[in-house]
Amino acid sequence: MAKIIGAVGSSHIPAIGLAIAKKQQQEPYWKGFFDGHIPIWNWLKEKKPDVAVVFYNDHGLEFFLDKKPTFSIGAAEEYISYDEGWGLATIPPIKGDPELSWHICNTLVEDEFDITICQELGVDHGLTVPMQLMFPNDPTYGGIKVIPVIINCELHPMPSPKRCYNLGQSIARAIQSYDQDLDVVIFGTGGLSHQLDGQNAGYINKEFDLMCLDKLVNDPEYLFKFSVRDIIENGGAQGIEFNMWMGMRGALPGKVEQLHFNYTIPISNTAAGTMLLSHE
Amino acid sequence: MSYLDDKTPIPGTIMFDGQKSRMGYGLNKMCYSFNDESARNEFTADENAYCTKYKLSDEQKKAVKDRDIIALLELGGSIYYLAKFAGILKLNMQGIGALQTGLTLEEFKQKLVDAGK
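Protein chains in written order, with my numbering: chain Y, 417 to 696; chain L, 1080 to 1196.
Pulled out of the complex, with its shape left as it was, chain Y reads as follows (with noise of 0.2 Å):
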């Protein structure tokens, strides 16, 4: 049966694509954040999980406001980076595992998460940068397959984090019930907390970061009471792209345990997180 081994919570910004582009991982900005990493890159290859389940967000280049899914599943042969319109360099094509996608979307379905299934799907920085991150310097990114899993952090309204960490768990229940050997890793991408947009813009809130990830590893279900519109209170317009965390979260019942964390003020606009947890 496939089994859930552990996951990792990172960044996703495209400052850090570009910054792998230029090859500045050892400048003084970047250092910090690349190094928080070493744990991470080495667990991954110590265990060369089969298949990541990647929690991200699209940010305007497969879905536009015509048509907004809450939650989408990519269920291709391989997941495509295309132009993003702003010059960050597309990377070559992703692995996808059809056959686990398909087997995750029933699964969704039968739980009464209403999915959009996506044949084709063009994967942005939201995908991408976490595939450089977790696999440097590696067109293979070390044989990994993905199943992307898109949440609308775009248009209001936005699915409440109670309901993220749900469909982490839906999705946990259906690798569970997968009858092939894989190991499988999940991805918990973006955040933290940060503003883009209006006069706010470079708002961040440690405090409330430091707190929403304690409380992540120990006690997830803490973070039940916050509504979509508290953490935008709390952690800025776009920190609400924690709700990806907390679908990485969902997806690994029972015992958990932190092997990594680092915490960095700040990468482009956001506060970045990376955590790495392990699962039994």
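Rather than coming from a laboratory, the hints here were simulated on the basis of the structure.
Computed from a prediction, not measured in an experiment: that's the story for all the values here.
Hints should not be assumed to be uniformly reliable.
[Stated by the list, open to error] Derived DSBU-like pairs (lysine-lysine); straight-line CA-CA distance at most 35 Å:
1. K1140/L x K1086/L
2. K438/Y x K1086/L
3. K622/Y x K641/Y
4. K438/Y x K1188/L
For this one, chain Y is given, so just place chain L on it according to the hints.
Coordinates of chain L only, in the frame set by chain Y:
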């Protein structure tokens, strides 16, 4: 009961909801087109004609012309699409942040650094 029923403004924050999305549909659709290089070139060659093609209002056209990001947000622009417009202007997110807050780029960067202290 939706969290959107609470209409109390969040300071400095424009919620991109159904009303804003309707108002900014053409503007955002134009910016969405900027994913393609040919569209970026067409816009650069004749900005006003390109704005007309996407049925922008006069107010939206003026805000595009003035590079007024706050006005574009108020007129229904979504930051995720406006980022593609900003790319044409060779502005990154910190550049947009400085524009919106009335700070210099250096002041804006310092504000971010200070948030970590």
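Taking the earlier hints as the rules, which of them does this structure contradict?
Hint 2 alone not satisfied by this model.
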